[in-house]
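From just these sequences and the hints, can you work out the full model?
The opening residue of the sequence shown carries number 1 in the working numbering; numbering runs sequentially from there.
It is possible that some hints are incorrect.
Said to hold, decoys possible - Between beta-carbon pairs, the in silico distance windows are:
(1) 254 <-> 322: 53 to 59 Å
(2) 73 <-> 129: 27 to 33 Å
(3) 86 <-> 156: 22 to 28 Å
(4) 209 <-> 230: 17 to 23 Å
(5) 343 <-> 254: 36 to 42 Å
(6) 343 <-> 209: 24 to 30 Å
(7) 68 <-> 248: 28 to 34 Å
(8) 267 <-> 181: 37 to 43 Å
No lab work stands behind these hints: they were computed from the structure.
These numbers were taken from a predicted model, which means no experiment stands behind them.
All C-beta atoms in this analysis are idealised placements derived from N, C-alpha and C, irrespective of residue type, glycine included.
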Amino acid sequence: MPAIANAQVTVNDEATPAAVVARPRTTITLSSGTTGTTSRSSGGLVPEFHTVNTGDTLWDISGYYFENPWYWPRVWARNPQITNPHWIFPGDQVRLLLPGEVSVTTPSTSMVQTPGGLRVTRQAARYPRGTVFMRESAWATTEEINTSGSIVGAPEDNMLLSEGDQAYVEFPRRAPNVGETYTIYSSAQETRGSDRDAGRVVRVLGTVVVDAWDARRHIATVRITESLEPIERGERVAVIQRQFLPVPPVPNDRDLTAHVVATPTPREIVGSNFVVIIDRGAQDGLRLGNRLFLTQRGDPWRRSVESYSRGIRIQEIDRDGDGRVDHAPDAESLRAGEELPVEVAGELIVVAVHPRSAACLVNLSSREIENGAPVVMRRGY
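Below, the structure is given as structure tokens:
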């Protein structure tokens, strides 16, 4: 699956806009022999097997149990005895869940009857409004990087792996849990703006789920459930948070200063509604819901004429119209800007806390945010 353009996705609607058109169907018989016409969304759970009835298709079965008919390739992949997905027969046993896999209840749905006689199922939101997803880039803490596994092989004779493939991951420093979700990543970038080694921004390649764990060999058998780019052997695998739920604000119980050290997005400059990483975390007393102020001091224009490498860059501009070049302010006037008042330029709220870093959602910003931007937390706010 190709990566989409947006590296960060925010849920802004109370309900998922997509609608699934369902065709009238007959009663489904479960593998246990019981029957029912109630979909899983109304309280039922997905069984491990489904017994095929006359007229059943993998499309229908997937739409019924998983409320997404496009799930049928995954159902087919779990049933190697089905050589042709278009040919299943009454009495066949179709595996819906892998051994040890737990069924998860889906959101509630509502059924609407259209004038043409079709039933349209509208699915409620899976996530609260304001949930943020990191798609192409993410923040990995130093601890997560140090305990990462790596893809060491695969049962298929393919150089490039993708969604639906199996792979073997070696975890030398941790024991994963069966059913746990991991992120495949590469290209860890150095952070800027702080001397604390809190973590790295990584490029996300995909997602895997652990199907089995060999404790003696430290090898996990995983299934690739998402691939944003072709995946090769040697890529790193770790538990990385890529979903941030909205949190209510809580009063700050201390004063604290920090700096923005990363923006887990391909953009180097971000603003409101983006996630940024700061170099303070649980060890410094940060909690979910703490709010911090983005601050600035000095004259941004004076700083803009300063060269990144040689102090002052000469600007040959006639500002006063007298026909002579007016040069940029000297270094002394730039240093004078350090004595100007501190201004509040935005507000952040903590949405995830790690030992030495935290992810913050930018609630409001009146200026661009770059790595190294100072932030402060005030007691009682």
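To see whether the hints hold, each was checked on the structure:
A beta carbon spacing of about 54 Å between residue 254 and residue 322 agrees with the range 53 to 59 Å that was offered as a hint. At about 31 Å, the beta-carbon gap between residue 73 and residue 129 stays in the expected band of 27 to 33 Å. For residue 86 paired with residue 156, a C-beta distance near 24 Å keeps the hint of 22 to 28 Å intact. Evaluation of the 17 to 23 Å hint for residue 209 and residue 230 yields a pass: the beta carbon distance comes to about 19 Å.
Checking the proposed 36 to 42 Å range against residue 343 and residue 254 shows it is violated: the Cβ atoms sit about 23 Å from each other. Hint check: residue 343 to residue 209, Cβ distance near 47 Å, so the stated range 24 to 30 Å is violated. Evaluation of the 28 to 34 Å hint for residue 68 and residue 248 yields a pass: the beta carbon distance comes to about 32 Å. Take residue 267 and residue 181: their Cβ atoms lie about 26 Å apart, and the range 37 to 43 Å is violated.
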